[in-house]
Amino acid sequence: MRKVLMSFAVIAVLAVPTFAGKYNKVVSIGEKAPDFSGLPAVFNGEDTSLSLVDVKDEVVVVVFLGNHCPVVQQYEDRLIEFTKDYEGKGVRVIGLSVNDIDSDRIPGIKSYTKDHKSNYIYGYDESGKVGKAYGASNTPQFFVLDKERKIRYTGAMDDNMNETKVTKTYLRDAVDALLKGESPKVEETRAAGCGIKYKKGD
Amino acid sequence: MNKTTCSIMLAATMALSAIVGYSAAGDSKEDQTARMERLDWIKFQARLKSLKDAKYTIVDAWASNCGPCKENFPHLLDMHKKYGAKGLKVVSLSLDDPSDQTAVGEAEKFLKQKNADIINVLLDEDYGVGFEKLNISAIPAVFLFGPDGKEINRFTMDDPNNQFTYDQVEKAVAALLGAGS
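Sequence order for the protein chains is E and A. Using the numbering used here, the first residue of the first sequence is number 1, and each one after it goes up by one. Using the numbering used here, the first residue of the second sequence is number 203, and each one after it goes up by one.
Isolated chain A, as found in the complex:
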């Protein structure tokens, strides 16, 4: 990504932060949001199962070295703000290499920067295994689960003629939970 895009993104993020009024830096809640729950595949499934108050759950598969993932992350947080009270749980699932301290540190730094007040998980499996488990070839990818825990929809990059956008994800969520505001 070029520097222009980066700085535009940064400016946009700062503007967004100002608008939605993110909590000030330094409080303990923010420190917590930076930490990812380190879960292997089985424990991750159990974690999803434990979200009993969720009507719908979206899982966003991302990684700290994935530009498009990070670019779209604010939209994910936005959906959390808009639809959280209506029963949407938002989960970020990092596919960073859990044995790579630099990558994990980058991911946590990013989550902290974004004040990612959602459920943040680091998949504790060998690097690359997450793609197999989720049955995807690329990230970002978003999975939408229904009240019965069934996967309702998946949004992936796997079909070059039909790549997903986060707007599509939000439309699907909005259709299920009603328009936010």
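Bound-form chain E, shown alone:
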């Protein structure tokens, strides 16, 4: 069974570098972000509708969420803080749920955003098509889009689920770079979390 050790060792080595398309099976860095429009959404407790084309901000952060997911809940404070910090700086945060789970649909989103005082717009795609187009496999998973709506960063918000142990703030770094007209240094990371439960039969 020595080879068990070896195959695990290989896995561990492969996990270290971050190349575009390394984790995401569908989209690559630099690709045009898949469009979405007319999604039901909640913003400041009110029902609204969400279309990417309506967003005029320089940078868009799309984050796939799931209310039920403990990792998402763990990141909620960080997401609210991020949204607040970049308000008025040309950055729009869009939360999206594509889970086929009751708690993660619009009524669930409404109570979740109320309970957490979430300050970003949070939409729901029942078909799951948007999530699949982005290659979203789990939550929370971030996509940073530039002015031309090309994907410039995808992956985790930072390098540790435990906020006190965070040493790398990937999302902030990527957004800051784009706002300065630069390219993000790190373009793709692993976004560990809860698997997305897509609607069956699509």
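One thing to keep in mind: the hints can contain errors.
Once the Cα atoms are required to be at most 27 Å apart in a straight line, the calculated BS3-like pairs of lysine-lysine come out as [stated by the list, open to error]:
1) A:Lys245 <-> E:Lys185
2) E:Lys110 <-> E:Lys129
3) E:Lys25 <-> A:Lys283
4) E:Lys117 <-> E:Lys32
5) A:Lys373 <-> E:Lys25
6) E:Lys22 <-> E:Lys32
7) A:Lys335 <-> E:Lys25
8) A:Lys373 <-> E:Lys197
9) E:Lys132 <-> E:Lys110
10) A:Lys283 <-> A:Lys251
11) E:Lys200 <-> E:Lys89
12) A:Lys251 <-> E:Lys197
13) E:Lys22 <-> A:Lys335
14) E:Lys132 <-> A:Lys335
15) A:Lys311 <-> E:Lys197
16) E:Lys200 <-> A:Lys373
17) E:Lys117 <-> E:Lys56
18) A:Lys373 <-> E:Lys132
Just so you know, the hints here were simulated from the structure itself, not pulled from any lab data.
Fit chain A to the given chain E structure using the hints.
Just chain A now, kept in the frame of chain E:
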């Protein structure tokens, strides 16, 4: 998960327990099944290496706060019952935060409830490191190792267009070891 699903699951689990005749609560064996072996990554690999009588080994990566993991756990135990005698070793690998006593307690409570008479390991690494080590983004995820210890197959949620099911895992195991019963 809503309460309806939960209660359905509970009922299903109870029914399953009745059918397969899980041992009565309170015996010492059950107490043992609740305890997880706390192993860091290196020791976990050595533990897998030590399973010399295994023809095939499946490792199920899960956590106490992962609904789908727990939902599918009975299927894992079912595979152990069906294929254990044919040389299948079943290992559960908890990715719960080992420094979080509540989470670890929840995991052990769950294993006890399910009478998880398999090899139960708690990965003793910083929270989140397990994902890196296993090269996965989400749990549940199942890894199938062959007689030579090589990874034959991995079943993950990483491709949204091709998410695994435990039925696929069982099919792969059955194909290798022959249909159970």
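What hint numbers does the structure not satisfy? 1, 3, 4, 11 and 12
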